[in-house]
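With these hints in hand, go ahead and build the complete structure from the sequences.
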Amino acid sequence: MKAGIVVFPGTNRERDMAIALRSVTGVAPRMIWHREIELPDLDLVVLPGGFSYGDYLRCGAMAAHAPIMPAIRRFAQAGGHILGVCNGFQILTEAQLLPGALLRNASLRFLSQDCFLRVERNDTAFTRHWKRHDVFRTPMAHGDGNYIADQETVRMLEGDGRVAFRYVAPDGRLDAADVTLNPNGSMGAIAGIFSENLRICGMMPHPEDLVDPLMGGEDGKPLFTGLVEALVG
Amino acid sequence: MKVRVTVMLKDGVLDPQGKAVEHALHVLDFKNVGDVRIGRVIDLEIAESDPARAIVQANEMARALLANLVIEDFAAEVVE
Amino acid sequence: MKVRVTVMLKDGVLDPQGKAVEHALHVLDFKNVGDVRIGRVIDLEIAESDPARAIVQANEMARALLANLVIEDFAAEVVE
Amino acid sequence: MSKAAQKPVDAALAKEFGLTAEEYGNVLSIMGRTPSLTELGIFSVMWSEHCSYKSSRAYLKTLPTKAPWVIHGPGENAGVVDIGQGLAAIFKMESHNHPSFIEPYQGAATGVGGILRDVFTMGARPVANLNALRFGNPDNPQTRRIVDGVVRGVGGYGNCVGVPTVGGEINFHPAYDGNPLVNAMTVGVARQDRIFLSAAAGVGNPVIYVGSKTGRDGIHGATMSSSEFDEDALAKRPTVQVGDPFVEKLLIEACLELMATDAIVAIQDMGAAGLTSSAVEMAGKGGVGIELDLDNVPQRERGMTAYEMMLSESQERMLIVIRPDRTEQARAIFEKWELDFAVIGHLTDTGRIVLRHKGETEADIPLAPLADQAPVYHRPTAPALPPVPLEAISDPVGIEQALLRLIRCPDLASREWVWNQYDSTVGGQTVRRPGAADAAIIQVEDTKIGLAMTTDCTPRYCRANAKTGGAQAVAEAWRNITATGARPLAVTDNLNFGSPEKPEVMGQFVDAIAGMGEACRALDFPVVSGNVSLYNETRGPDGESVSILPTPAIGGLGVLDDVSKAVGLGMPDGCDLFLIGET
Ligand SMILES: Nc1ncnc2c1ncn2[C@@H]1O[C@H](COP(=O)(O)OP(=O)(O)O)[C@@H](O)[C@H]1O
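Chains as they are written, first to last, in our numbering: chain U, 1 to 233; chain G, 1 to 80; chain X, 1 to 80; chain L, 1 to 583.
Everything labelled a hint here was simulated from the structure, so no lab data went into it.
Among the clues, some could well be false.
As the list claims (entries may be wrong) - Below, in silico cross-link-like pairs of lysine to aspartate or glutamate (EDC-like), each with a Cα-Cα straight-line distance of 16 Å or less:
#1 Lys565(L) to Asp212(U)
#2 Lys31(X) to Glu60(G)
#3 Lys448(L) to Asp212(U)
#4 Lys2(G) to Glu45(G)
#5 Lys213(L) to Asp35(X)
#6 Lys19(G) to Asp43(X)
Set out below in structure tokens:
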């Protein structure tokens, strides 16, 4: 799988993502500087986590206008696969490649902790190595992960099955009103969503930080092995 | 010319920060305070002598970057 | 009565946000923009019919909580 | 223009700048004339407690600093130890106590920024942050504000730069009510053949300024952090500096990119006393002279004077001496990262620092006497106060209730609320997060090497007996590292005490160092870097000056050759429990 990781000023989880991708593909992904205006030949573009432009103004707002973004838009239009994690998810919403927005966590605090995600469907490149409603553990680390969209958008996301992951209890129980289960206060406990063609996925938590037993487990790994299988075929 | 762009969350979008401040003001015994909403101001120095044109430019900047129209409204006014 | 408290960094205090936004606006080709400073607005609904008294109370709230006087200045005005 | 600029330079102004009559006499004899305002400012910050260690230097020298695995001990920006496979760990701890009382968020944030720079200045990629925090009585409403701001500030900066915060400690005691302690530690990793030092060399080599622009922030921060803290602090408020972790992140990447080449001769961050201390130290250590043209300093504000530029503590700035033929290569790197870059001077063979601004010579000071004749004090010491007598141990509540009470007490309660606000996993190398082991463990990327790290000190032990308390802090750090399976290597320290002009505080200081030294020697656990923070005092209700508890915070570092062998706290099922040592 030919993967590329986009690096903006202030991106800080590009190395984590590179390690995770390398561990499943055996090759180091391409690092793509935000000032490039063309993408190389890729199967997957990743927008990693971090604080692009310091998260100033709004998280992801300035990165969404970076010189590389038109190329990413073209890649998306051509049906390319894009994964946006944390700040990458925020950038995708600011660029309107995904609907909705991410507000300050309801607690108004940065939250760095493990959370549990329920896989809402497994017929996508991102989720094929899980079963539907599988629950997996993953670290999260963000101050602005509170997913919000207008009613119409939420209805569409739910109706079209575009919710990728939800925050749940370890046993899969869903309760969006419970802050211990839905720590940032997201609507419908939404932790990740898909684009209409299911080829763009944005999510707040960091599966890339849980792909090695030494770091506490491999719970995040199916995302990456699934992508390799789907995109290399 | 200085133009101030004020960006507020749209009505209906929950403003947890505003709620927290409201609560803190009550704790501090400011009983008269009702609803609190928090927003952002961006003061722009614009090299432009015509106020109307300055506002047009500020509006463009707001739509392009300063506000996220999915969740926010904005208003621009000349302040100096 | 609605009172708007505007909180800005004092002159001379580094405004990292403003600087980053200024840079981004230039990249977006808004060449006319000079200095950008970013602040906060807090809209307070105050149960008070006398504007002068509402302002006095808003000033007190600003000093007590809304502004960090070490690095910020504030101003209050009645908006509705 | 600053108010001070209009006053004549004389003994009275020198006193306002924190120089004693005798120190000012030395300035006059070194200069052979009345110094200019800028020159007086330079002497005042270089001879401040913060920069000159005038009360502590004589005692710090007694600490053991050597071991076969120590590559650089105290004297550089941070300590450097060998961790195997040609790699080195570079680490240090530093305080930002006084600023954190005035503005907790920015004080703590810029504290983290400062210690990060000390470490990446030497060529290391920072891989972990820790922090040691002491706050006042939890029932004091001020404490709540300060805890909240400090924790947000530590997280706000560390999370943004993308360095995981993996450990630390927190204590509460009324003695810290008006003077919290914020000690931040950074650990970085570098190749041993790519370690950068601060001694300038090569007459004619250009001196380069990179990072953020200079503003009027924090002028006289170094003297403030050394002078007794009281109500006047409020009047000094505008000296607060605001940090920009985004720029720091760019600075880390840009510096590391330049460091991968052989362009740099010497490099130093602009910390306390900014351009003054970095220029003076680099040239002084290298035994060369330095000439700066202040017109070229990137400035954020209009009309800055030479005095203001030299004393500014604007954050996120570095000074670099570079090979002349590499200047353009360096410029390209810093421009790529969208940072300011300016050639502001060059090295000379005069042994003097010369500053020019707008066609005038604003300062011309011989460097050797500025360093060599810096004051050293052997301040009077008095035996420590007798320990507070322990009450006879009674058991009024029963063991169960006693246990519950202990678990509830602020010094023992869970710190999860704190560490959950710190990104502890960024980097993808965190083997043991906060709460998972006695020391945090980070894997060195692309190797099997693990680094174990911890901060420790029990101030009330030190209050009871400073020598035993100092030794205990070292021993606890050593035990915490050992308990993970790591081999303890070395320590950094942050010696937080009250006013050294109080003989009993000076006594505590001297005793604590003696205890630390003894423990370090016994454990083969040398001190490779550190920081001293004195004058941690507040005015009590009746006007008397109250000192904090003696707080020699120890930051320990150890290495695991095979990080997969690391041991944590969690007890697997079906194990036996052993107690080792006498109870
Ligand atoms: N300020 C802090 N920042 C990050 N982690 C902290 C902080 N204070 C405490 N911790 C973490 O909380 C855990 C418990 O702390 P402490 O009670 O001091 O442990 P110990 O007594 O084992 O040294 C440790 O993992 C420690 O690293």
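Each hint tested on the structure:
1. Between Lys565(L) and Asp212(U) the CA atoms are separated by roughly 15 Å; this keeps the pair inside 16 Å, and the hint holds.
2. Note on Lys31(X) and Glu60(G): the hinted pairing holds, with a Cα-Cα distance of about 13 Å set against a maximum of 16 Å.
3. Proximity of Lys448(L) to Asp212(U) is assessed by CA-CA distance (about 13 Å); at most 16 Å being required, the pair is judged to hold.
4. With a C-alpha separation of about 5 Å, the suggested pairing of Lys2(G) with Glu45(G) holds against the 16 Å cut-off.
5. A distance of roughly 14 Å separates the Cα atoms of Lys213(L) and Asp35(X); the hinted pair therefore holds under the 16 Å criterion.
6. The suggested pairing of Lys19(G) with Asp43(X) holds, with an alpha-carbon distance near 12 Å, which does not exceed 16 Å.
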